[in-house]
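**Q** Given next are the chains, with one letter for each unit.
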Amino acid sequence: MATNYQEALEKGWATPVAKDTFTFSEDGKPHFVAAKCTHCGTAVFPAVLRCPNCFKADMTHTPLAAGGELKSFTVVRQGSPDWKGDVPYIIVQVTTDDGVKVSTQLLGCTPEQAEIGMRVTTDIRPLFNDAEDRQVLGPVFIPA
Amino acid sequence: MTQVAIIGAGMHPCGRHPDKTFTDIAFTAAQNALDDAGTNWTDIQAFFASHTRQGISAGEIIGQEFGLTGIPMFNVENACASGTTAIHMATQAILSGAHDVVLVAGFEKMQRGVIGGIGEPSSFGARMGLNVMPSLYALKAKKHMHEFGTTEEQMAMVAVKNHKNGALNPIAQYRNEVTLEEVMNSRLVCDPIKLLECCPTSDGAAAIVLASDKVARRFTQKPLIYVAGSSVETSRYGVDDWEASRRTAETAYEMAGIGAEDIQLAECHDAFTIGEIMHYEELGFCPIGEGGWFIEEGHADITGKLPVNPSGGLKARGHPLGMTGVAQVCEITWQMRGEAGTRQVQNDPKAAITHTQGYGGVCAVAVFKK
Ligand SMILES: [Zn+2]
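Residue numbers (this note's numbering), protein chains in the order written: chain A, 1 to 144; chain B, 1 to 370.
Calculated from the structure, these hints are not laboratory results.
In this text, a Cβ means the ideal position worked out from N, Cα and C, and glycines have one as well.
Treat the hints with care, as some may be off.
What the hints assert, rightly or not - Under the rule of at most 25 Å between Cα atoms (straight-line distance), these lysine-lysine pairs were calculated in the BS3-like manner:
#1 A:K71 <-> B:K143
#2 A:K29 <-> A:K101
#3 A:K71 <-> A:K29
#4 B:K143 <-> A:K101
#5 A:K56 <-> A:K19
#6 A:K11 <-> A:K84
Said to hold, decoys possible - If you anchor each label on the Cβ, the simulated ranges turn out as follows:
#7 B:R53 <-> A:F128: 24 to 32 Å
#8 A:G67 <-> B:T303: 46 to 54 Å
#9 A:V48 <-> B:G257: 16 to 24 Å
#10 B:N176 <-> A:G85: 32 to 40 Å
#11 A:P143 <-> B:G117: 31 to 39 Å
#12 A:N53 <-> B:S123: 20 to 28 Å
#13 A:T110 <-> B:Q31: 33 to 41 Å
#14 A:I116 <-> B:G238: 40 to 48 Å
#15 B:E261 <-> A:G28: 54 to 62 Å
#16 B:K214 <-> A:I116: 20 to 28 Å
#17 B:E261 <-> A:G67: 40 to 48 Å
#18 A:E132 <-> B:G117: 43 to 51 Å
#19 A:V48 <-> B:E243: 17 to 25 Å
Produce the entire structure from the sequences given, and follow the hints as far as they go.
**A** Below, the structure written as structure tokens:
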């Protein structure tokens, strides 16, 4: 499925939710993209220009491990007026297997199935359609 | 060294005021504060106006209603911590020797429903639907429950207490009591936060007059309440959820020369009920993880050892964003003077604290002494 999204992005049928937030490895698997400090190794998602730990500016973009553990979650039943997708949806805080804290949505399960400690893995999913009716794709977690 | 005294406090009631402008409600609050202080507009040497979305130079628009005296005016925006931030800046202005008498007014007129327009619109967080205020607290609530065993009932108790207090406050938006069952059975907004655990959106205004101890007694014979310490700080990388509020409070305690154990009265940022539970811990009223017990054992009640949010808090008094930090100080002033009527705390507090926090990781604390 990810490969189809890769093609849709390349051909302009779909658009990423925000720039530089995900990438595909050679086998077509999706990964979150973090900024990693070349001095102290701190990695941050979404990418930032300067290291929040040592404040140096030498950050490189790096894909994160696909797997992670759910640290907290909530089910948004009444969203912000800015949100264009469906409710309810699940927001999660996940620590990836390479130790980076990521906040995004959890898809592919019901609110009742979400629980702290569960294993999750990275996926790319359509969130809503934009003004030009393109699918807006975002990096999310799904149950592992 | 100069001391900064609160010599006047005034409010416009919180609620829905579709027939009034922000100028109307802020003017009323400011006039009430000027009257309470025994001051005239012409005594005011600087004006700090706290609001988040009332437009360009909203402070000057209000100031012009009082008269063109040419004084410096400052518009202060720091999300939900705007009011406390404005008081911090006004206090610093007096401590620096620049001014002796200053006015702070916080005001807001708000839309109904969950707040939108938070964060950079094209950012990942905004586009993914992550910038939902109740969800930010809900994520903390789930973690607190998981780590410390805090229960949904304990969170609901905060709403019950604050509605009970708000019912006694003439300027509160909600003057009705609610039962634990009503809170627990209200609809989920962001699990585990339920509708009756969310502060409302509101219209309202509050104002205080601050003066140096050098001139305060020229205006009023009422008890003087001193701003003994204040601090505005922001979050750091890689720390626990409670770190910013704890650090900001410690700065303010140190400036005031007291500790958390001396605090006998608090107004804190109960935007959502888990917030108040975490603030008991962050401000040092109880150890980290024991906030649920602090509410359950009744310590935060008006009759408790450390009354918290006797005004009704954000939950019942209301939370017009720019107003809140200033309204908290109005409440502290009335309580420490013994003027709080049927909601008067019974422990004759000698030291008090106010606390607000907001989007972007800002945290603001002020400590008061009689
Ligand atoms: Zn670094």
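**Q** It remains to establish, for every hint, whether it holds in the given structure.
**A** A quick look at each hint next to the structure:
Restraint check: the Cα-Cα separation between K71 of chain A and K143 of chain B comes to about 7 Å, which is no more than 25 Å; the hinted pair holds. Using a Cα cut-off of 25 Å, the hinted pair K29 of chain A and K101 of chain A holds, with the two alpha carbons roughly 20 Å apart. A C-alpha spacing of about 23 Å is found between K71 of chain A and K29 of chain A, which places the hinted pair at or below 25 Å, so the restraint holds. Taken as a hint, the K143 of chain B and K101 of chain A pair is honoured in the structure, with Cα atoms around 14 Å apart against an allowance of 25 Å.
Of the supplied pair hints, the one linking K56 of chain A and K19 of chain A holds, its CA atoms being roughly 22 Å apart against a limit of 25 Å. Taking the CA atoms of K11 of chain A and K84 of chain A, the gap is about 23 Å. The hint holds against a cut of 25 Å. Between R53 of chain B and F128 of chain A, the C-beta spacing of about 26 Å keeps the proposed range 24 to 32 Å intact. Checked against the hint of 46 to 54 Å, the pair G67 of chain A and T303 of chain B passes, with Cβ atoms roughly 52 Å apart.
Between V48 of chain A and G257 of chain B the beta carbons are some 39 Å apart, a value that contradicts the proposed interval 16 to 24 Å. Between N176 of chain B and G85 of chain A the beta carbon distance is about 35 Å. The supplied range of 32 to 40 Å therefore holds. A hinted range of 31 to 39 Å for the beta carbons of P143 of chain A and G117 of chain B is consistent with their spacing of about 33 Å. Roughly 21 Å separates the CB atoms of N53 of chain A and S123 of chain B, a value that falls within the hinted 20 to 28 Å.
A hinted range of 33 to 41 Å for the beta carbons of T110 of chain A and Q31 of chain B is inconsistent with their spacing of about 55 Å. Checked against the hint of 40 to 48 Å, the C-beta distance between I116 of chain A and G238 of chain B comes to roughly 20 Å, which is inconsistent with it. Checked against the hint of 54 to 62 Å, the pair E261 of chain B and G28 of chain A passes, with Cβ atoms roughly 60 Å apart. Checked against the hint of 20 to 28 Å, the C-beta distance between K214 of chain B and I116 of chain A comes to roughly 56 Å, which is inconsistent with it.
With their beta carbons about 46 Å apart, E261 of chain B and G67 of chain A fall inside the hinted range of 40 to 48 Å. Checked against the hint of 43 to 51 Å, the C-beta distance between E132 of chain A and G117 of chain B comes to roughly 23 Å, which is inconsistent with it. Separated by about 19 Å at the C-beta atoms, V48 of chain A and E243 of chain B satisfy the suggested range of 17 to 25 Å.
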